[in-house]
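**Q** All chains, full assembly: derive it from the sequences and hints.
Its first residue numbered 666, the sequence shown is counted upward by one per residue in the working numbering.
It is worth saying that the hints were derived from the structure and are not from the lab.
Heads up, none of these hints are tricks.
Straight-line Cα separation of at most 27 Å, BS3-like style, residue types lysine-lysine; simulated pairs: (1) 784 / 754; (2) 754 / 728; (3) 784 / 727; (4) 784 / 728.
These numbers were taken from a predicted model, which means no experiment stands behind them.
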Amino acid sequence: MERLHLDPTNPDPAVLQQAGDILRRGGVIIYPSDTCYGLGADVRNALARERIGRMKQREESKKYSVIAKDIELIERIAIVDEVQLAILKHYLPGQYTFVLLSADLSILNSNTIGVRMPKNLVTQGIANAFGSPFISTSANLGGQPTLYSYDQLQEDFLQLIDPDDLPNLILDAGILPHNPPSTVVDLTATPPAILRQGAVPFVWPLPQ
666 MERLHLDPTN
676 PDPAVLQQAG
686 DILRRGGVII
696 YPSDTCYGLG
706 ADVRNALARE
716 RIGRMKQREE
726 SKKYSVIAKD
736 IELIERIAIV
746 DEVQLAILKH
756 YLPGQYTFVL
766 LSADLSILNS
776 NTIGVRMPKN
786 LVTQGIANAF
796 GSPFISTSAN
806 LGGQPTLYSY
816 DQLQEDFLQL
826 IDPDDLPNLI
836 LDAGILPHNP
846 PSTVVDLTAT
856 PPAILRQGAV
866 PFVWPLPQ
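**A** Take a look at the structure:
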């Protein structure tokens with residue numbers, strides 16, 4: 666397990682590329698997201714998904730959302746109509762998770778998918794370095810509080826999981842601000858349904 670320090674306001678491109686390479690090889694990373702420290706892995710890699718499930722000790726039935734580098738990638742992995750596309754273009758990048766019908770059953774083997782495109786230099790950098798969708802989930806035990814520092818990660822998460830499942834890389838950006846989770850909106854419903862209200866509002870119809 667390697668730990669690298671990272672300035673979240675000016676992340677080193679070489680470190681972001683290293684994170685992307687680890688995802689490409691089927692590894693698992695811990696990275697600073699726009700809300701808390703998160704776990705990342707190639708969402709198409711079943712072994713990596715299983716490893717994250719063991720780390721979080723969560724029910725297998727629970728779905729993961731994914732981070733995409735741009736709206737074009739979202740259109741490749743999800744079914745997006747004109748109205749949904751207008752919503753994505755209006756709100757992304759931002760602190761939202763949008764639920765869409767899946768167009769790629771190699772991702773989570775589910776008929777729906779939650780997609781994220783955070784306005785965050787680290788997650789954007791990793792997404793660009795990797796180029797494919799990767800898992801977005803908090804780095805903690807299932808059902809436990811989210812974690813905002815390396816010390817919290819070490820005490821409340823890393824020392825409680827099997828050493829064989831430890832992440833390949835931790836990007837340590839220091840103590841993160843205690844931001845609320847993303848706002849989750851189901852775009853498969855008509856009208857769109859807010860499943861979780863986060864720090865930022867979702868307004869429908871779209872503001873003119």
